[in-house]
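Enquirer: For reference, the chains in residue letters:
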Amino acid sequence: MKKLLAVTACPTGIAHTYMAAESLQKAAGEKNVPIKVETRGAIGIENELSAAEIAEAHAIIIAADTDVDEARFAGKPIVRVAVAQGIKIPGQLIDQALALQASTASAAPQGGSSIGSSERSENSFYKNLMNGVSHMLPLVVAGGLLIALSFFKLNPEEGTFFANLLQIGGAAMGLMVPILAAFIAFSIGGKPALAAGLVGGMLSKDLGAGFLGGILAGFLAGYIVRYLIKYIKLPKSMEGLKPLLIVPLLSVFIIGMLMIYVIGTPIKDLMDALTVWLQNIGSGNKILLGAILGGMMAIDMGGPFNKTAYTFAVGLLASGVYGPMAAVMAAGMTPPLGIWLATVLAPKKFTLEEREAGKAASILGLSFITEGAIPFGAADPLRIIPAFMIGSGLTGALSMVFDATLRAPHGGIFVLAVPNAIGQPMMYLLAIVVGTVVTALLVNLFKRNKPAIGVGTK
Amino acid sequence: MNIHELLTEETIFLPLETGTKETIIAQMTEGLKLSGSVTDAEQYVRDVLIREATGSTGIGFGVAIPHGKSSGVAKPGLALARLSEPTDWDSLDGTPVSIVFLIAVPQENVGNEHLKILVALSRKLIHDEFRESLLNASTKQELIDILKNM
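Going line by line, the protein sequences match chains A and B.
Under the UniProt record's numbering, the first residue of the first sequence carries the number 1, and numbering increases by one thereafter.
Under the UniProt record's numbering, the first residue of the second sequence carries the number 1, and numbering increases by one thereafter.
Please note that a few of the clues may not be correct.
Partial list, derived from the structure: chain B residues whose beta carbon lies under 10 Å from chain A [claimed, not checked]:
#1 THR39
#2 THR57
#3 ILE99
#4 PHE101
#5 ALA120
#6 LEU143
#7 ILE144
Have a look at the derived ranges for each label pair, beta carbon to beta carbon [claimed, not checked]:
#8 B/GLU17 / A/LEU352: 57 to 65 Å
#9 B/GLU17 / A/LYS230: 54 to 62 Å
#10 A/VAL344 / B/LEU49: 52 to 60 Å
#11 B/SER133 / A/TYR223: 46 to 54 Å
#12 B/SER133 / A/TYR231: 42 to 50 Å
#13 A/VAL344 / B/ALA74: 28 to 36 Å
#14 B/GLU129 / A/ARG383: 57 to 65 Å
It is worth saying that the hints were derived from the structure and are not from the lab.
Beta carbons are placed, not taken as given, at the ideal position from N, Cα and C, and that holds for glycine.
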């Protein structure tokens, strides 16, 4: 069943706005077409359309004589008329909106207008992604900063204030991937998809699949729910069970099984294989090892590559080998530091929300909380993550070249305060600075001028 | 909130001797002045006609809803007239108008309650049965009752 959305608005906001809304609803009712109408009148915005509803809609009718915030409909077919037309010819508008969808959909396979439709799907891809990222952002900022604060005292005793700070920050960071997945799913499938998205994200975190696994889980959950809602047919008397019991149960089961068997098992194999590979490179080629460890830290920022590199370096501490640990920490600091510098160097390329997040990222970077860069990486992975990897790889290699060493497995810049924890501290800082600058320049080089869908811009 | 606060005996014209858009609006404004809604009739009529100039408020199906947000209005008000004969209003659908609702809203936003009633009325007017009942009402009280139960 095709769903339509509409927005009505007029300057006075007393009469036409509401009459157009009523006319559209009445005409849609007669045609048996589900429609939701947002009214922007003198008593404010009522029935506001949600991101999920917009994502789900086939087309949008705008009957307005004033601005209705059209940016949110990017990529959707729109019928745009004066508000009076909404009152006068509601039936025609609805037919037009329904047909619009059909004609663009059927035109795509013929090749002629395939650019238009692929643009549309790319736009909705970014819109769904950004919905997850923007909801995740506060958790990253709050969690990351609290963890950074806890580093005023490294390795605090349990139950002390700083240990509690670390625990609170950890809780916030732990929710990051589940919320990312949940709100991607929500953007695609609406409220029914929230449960599957949350569970998929939680499993991604537990299985070590990181935020990239979370993105995958979110999209899978959203589309699974949409599919279930569309194709499960029940007799009328049992229809009420669908949203309450059947869709949540099936979607959570399916996403859970997919995450564990299809994503979890290969990730474990991948991590095992990577560990063996790193051991084989060993210390034979210091520069190569540093570059690889650095790149691994940045590619998934908390996913299997990052974890393997980190675990590998921590493991070597026990054998008295301190170089790789230094490389890993430095490389884990440059993505958020680089993002901060990028927002400072080219503020016009970023939304206000991103610039604010960039400030927080600087502190997270200094604290070796690589996750501070995830919102940026997740928002545009194919462009941003390569920039992170090159900067981090360079920093990792430089750190090894400079013979920097590190005896603590975390702490970021604050480790400098611990006597003898870092060998070659000045050169170590240089490695971090170089990587930060390179990351920032590459991010700004690769990044598109303005975000495709500005969920965060309004 | 009661419809009485918007629509009073003075603001119902049953019937109103028809004329031009301007004379109809002017006569109905007199009613709104009596009920205390409009304080500066000249200003208010001017604002209504300015609104009218941007696009006819003849919404079709024989109904027109001229309205003005004006500094000449002290409190929200509503006037209702059934015209002695269908009158041209440059309507959207070209049909002449038999029922006119004149809406007065103060320049500064006041309580939403009043606005909500006007909004509900606007929505209601789209429905045939509602318009029928307005056309068929024979007394002012009957009209008020219809609007009260809206």
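Enquirer: Does the Cβ distance between B/SER133 and A/TYR231 fall inside 42 to 50 Å?
Expert: Hint holds: Cβ distance 45 Å, inside 42 to 50 Å.
Enquirer: Holds or violated: B/PHE101 as interface residue toward chain A, Cβ cutoff 10 Å?
Expert: At about 8 Å, which falls below the 10 Å cut-off, the nearest Cβ of chain A leaves the hint on B/PHE101 intact, so it holds.
Enquirer: Measuring from beta carbon to beta carbon, are A/VAL344 and B/LEU49 in 52 to 60 Å?
Expert: Given a distance of about 55 Å, which is inside 52 to 60 Å, the answer is holds.
Enquirer: Should the hint that B/GLU17 and A/LYS230 are 54 to 62 Å apart at their CB atoms be regarded as holding?
Expert: 60 Å, holds
Enquirer: Holds or violated: B/THR39 as interface residue toward chain A, Cβ cutoff 10 Å?
Expert: 19 Å, violated
Enquirer: Is it true that the C-beta distance of B/GLU17 to A/LEU352 lies inside 57 to 65 Å, as the hint says?
Expert: 60 Å, holds
Enquirer: Quick check on B/LEU143 please, does its C-beta sit within 10 Å of some C-beta on chain A?
Expert: 19 Å, violated
Enquirer: Should the hint that B/SER133 and A/TYR223 are 46 to 54 Å apart at their CB atoms be regarded as holding?
Expert: 49 Å, holds
Enquirer: At the C-beta level, are B/GLU129 and A/ARG383 separated by a distance inside 57 to 65 Å?
Expert: Given a distance of about 58 Å, which is inside 57 to 65 Å, the answer is holds.
Enquirer: Double-check B/ILE144 for me: the hint is only fine if its C-beta lies closer than 10 Å to a C-beta in chain A.
Expert: 20 Å, violated
Enquirer: For the hint on B/ILE99, does the least C-beta distance to chain A fall short of 10 Å?
Expert: Nearest chain A Cβ about 14 Å off; hint violated.
Enquirer: The hint says 28 to 36 Å between A/VAL344 and B/ALA74; measuring C-beta to C-beta, is that right?
Expert: 55 Å, violated
Comparing the model with each earlier hint shows violations of hints 1, 3, 6, 7, 13; every other hint is respected.
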